[in-house]
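K.L.:
Sequence:
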Amino acid sequence: MSVRGNARVTAVRDGRGITTLPVLESDGPLALRRTRAARTGAARVTVVGAMSAPLGGDRLAVEVRAGQGARLTVDSAAATVALPGPGAEPAHYDITLDAEEGAELNWSPEQLVSAHGSELVMTTVVQLARTARLMLREEQILGRHGESTGTLLSRLTVRRCGRPLLDQQLAYGPGAPGGWDGPAALGGHRALGQLLCVDPAFDGKGPESRLLGSTAVLTRLAGPAVLVTALAADARELRSVLDRAADELAPSTEG
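Terminal number for the sequence shown in numbering that gives the first Met the number 0: 254, no gaps in between.
Don't read these hints as lab results, they were simulated from the structure.
Heads up, the beta-carbon is just placed ideally off N, CA and C, and yes, glycines get one too.
Check before you lean on any hint, since a few could be wrong.
Label-pair ranges, simulated between beta-carbon atoms [claimed, not checked]: (1) Gln167 to His115: 38 to 44 Å; (2) Gly145 to Ala221: 40 to 46 Å; (3) Ala200 to Glu24: 29 to 35 Å; (4) Gln167 to Ser213: 17 to 23 Å.
Using the sequences and the hints, build the whole thing.
P.N.:
Spelled out as structure tokens, the structure:
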């Protein structure tokens with residue numbers, strides 16, 4: 000039997016300059032907990048899995064809004080493991096992020112693991128105001144240890160001031176277009192991730208595009224943003240690459 004799960008977070012900045020959470024709602028397999036933020040005056044929310052999900056047929060959704068001037072980090076307590084379900088329907092996981100003027104939003108969950116036999120459709124839609132800052136991190140692991148991957152379809156759409164900044168779709172596993180594991184794509188790697196940093200301070204003077212190793216690259220986008228894309232043999236190596244990139248980009252973007 001499939002399940003539905005929804006989580007909603009709204010962060011606002013009060014008159015003292017402190018970020019508060021007037022909306023913190025969740026149900027089903029998603030549970031939200033306010034946790035200690037790294038910065039004074041900021042807020043942090045951790046997503047805790049209350050049961051195994053997503054399974055085939057499940058529909059999960061997370062909505063996050065950082066109001067004007069708010070500083071919010073959303074992370075997770077553990078990896079999300081996509082598992083096969085009793086039916087033939089794929090699982091769906093929809094994430095919506097909205098950052099208003101002057102807001103700082105850091106979306107940094109733990110890894111998503113695509114277990115053998117699973118099928119997951121994941122969409123992330125981001126809306127940013129002109130002066131909003133974003134750090135978005137994704138880490139995807141294709142298969143648990145010693146097993147082949149499930150099917151994973153992932154789409155990331157980012158708009159800034161109502162205009163497209165980034166729109167990409169990736170597909171892996173059985174049923175994905177041919178070549179996804181070939182030398183022009185993953186080349187046998189089973190861990191992949193990206194780090195998107197949007198910062199108005201990058202307008203005209205952001206980091207230049209360059210290699211960050213043999214399987215990682217920093218790409219400057221057409222806007223005040225950079226995208227770090229990385230492949231790795233396993234989750235630990237991937238985390239190390241993205242951590243180094245995040246440390247470099249953090250001085251003007253951490254939230």
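K.L.:
Honestly, which of those hints from before does the structure not fit?
P.N.:
1
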